[in-house]
Amino acid sequence: MKSSTYLKVCVGITAVWVLGLLFVPPFAQALEQIMLLFLSTNAR
Amino acid sequence: MKILLQIIGILVLLLLVTLGTLKLKHRDDDGPSILFPGGKLISGELYQGPEPDWSFTDDVFTIELETSDPVSSRRIFVMESDGRVFVPSGYMRSFLGKLWKDWAFDVEDGAKSAVARIEGIRYERQLVRITDPAVVEGVATKLAAKYGGGATPEAVSATMKSVADGDTWIFEMAPVETQL
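Chains A and B are the protein sequences, given in the same order. Residue numbering for the first sequence is 179 to 222, as defined by our numbering. Residue numbering for the second sequence is 2 to 181, as defined by our numbering.
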């Protein structure tokens, strides 16, 4: 993938991701559960 | 190889975007999310009256705890022991703990005022770090029984060692001192 195309893909994915986090509560909650699971098993 | 690096780049980007977005999204909320700190606890009746019988917290898995300077709130375990009520803060000597548990360092530095919201009722308290082994033993027993799968001698001993080593800090949610 060319750099310019890659940057466009990054911007697009980021925009969709942020909108999902802000406006789709189950999506944000699921990600938080995954992060909490990671922290509780790996934090030392 | 380039494709692999690009995929890793996107994953790292999404992780950073997630952390930043959710932290900003929740920082002024009336209470915390599952993982991210919230703001001031606003809703809920403010408890007025004699010291409660904290044994009711045995049936409460987590509470919301607001600390001051800076004001923030988080979900946290709660343990009643000998009529007093306590909250733990773990991972205190780890890198993640230093990032994740900044509120506990703020309390240790003097920001002791706190509000606990338990089952919708807000309780004004002050946080006092406990290191007395006699008190810690009762708290460790409750912590192991309630959250560790059972208060076996090994589990209690491990928790007490964690507290003695400074990996886990225990705070009493003590009554607010009245200024005379």
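Simulated from the structure, these hints should not be mistaken for lab results. Computed from a predicted model, the values in this text were never measured in an experiment. One or more hints might be untrue.
Said to hold, decoys possible - Straight line, CA to CA, 25 Å or less: simulated BS3-like cross-link-like pairs of lysine-lysine:
| # | chain 1 | residue 1 | chain 2 | residue 2 |
| --- | --- | --- | --- | --- |
| 1 | B | K162 | B | K24 |
| 2 | A | K180 | B | K3 |
| 3 | B | K102 | B | K162 |
| 4 | B | K3 | B | K41 |
| 5 | B | K113 | B | K41 |
| 6 | A | K186 | B | K3 |
Quick rundown of the hints versus the structure:
1. Between K162 of chain B and K24 of chain B the CA atoms are separated by roughly 33 Å; this puts the pair beyond 25 Å, and the hint is violated.
2. Restraint check for K180 of chain A and K3 of chain B: satisfied, since their Cα atoms lie roughly 10 Å apart, inside the 25 Å limit.
3. At roughly 19 Å between alpha-carbon atoms, K102 of chain B and K162 of chain B fall within 25 Å of each other, so this suggested pair holds.
4. Between the alpha carbons of K3 of chain B and K41 of chain B the distance comes to roughly 46 Å, so the proposed pair goes past 25 Å and is violated.
5. As the CA atoms of K113 of chain B and K41 of chain B are separated by approximately 15 Å, the hinted pair is consistent with the 25 Å bound.
6. In summary, the hint linking K186 of chain A to K3 of chain B is supported, as the alpha carbons are separated by about 16 Å, within the 25 Å threshold.
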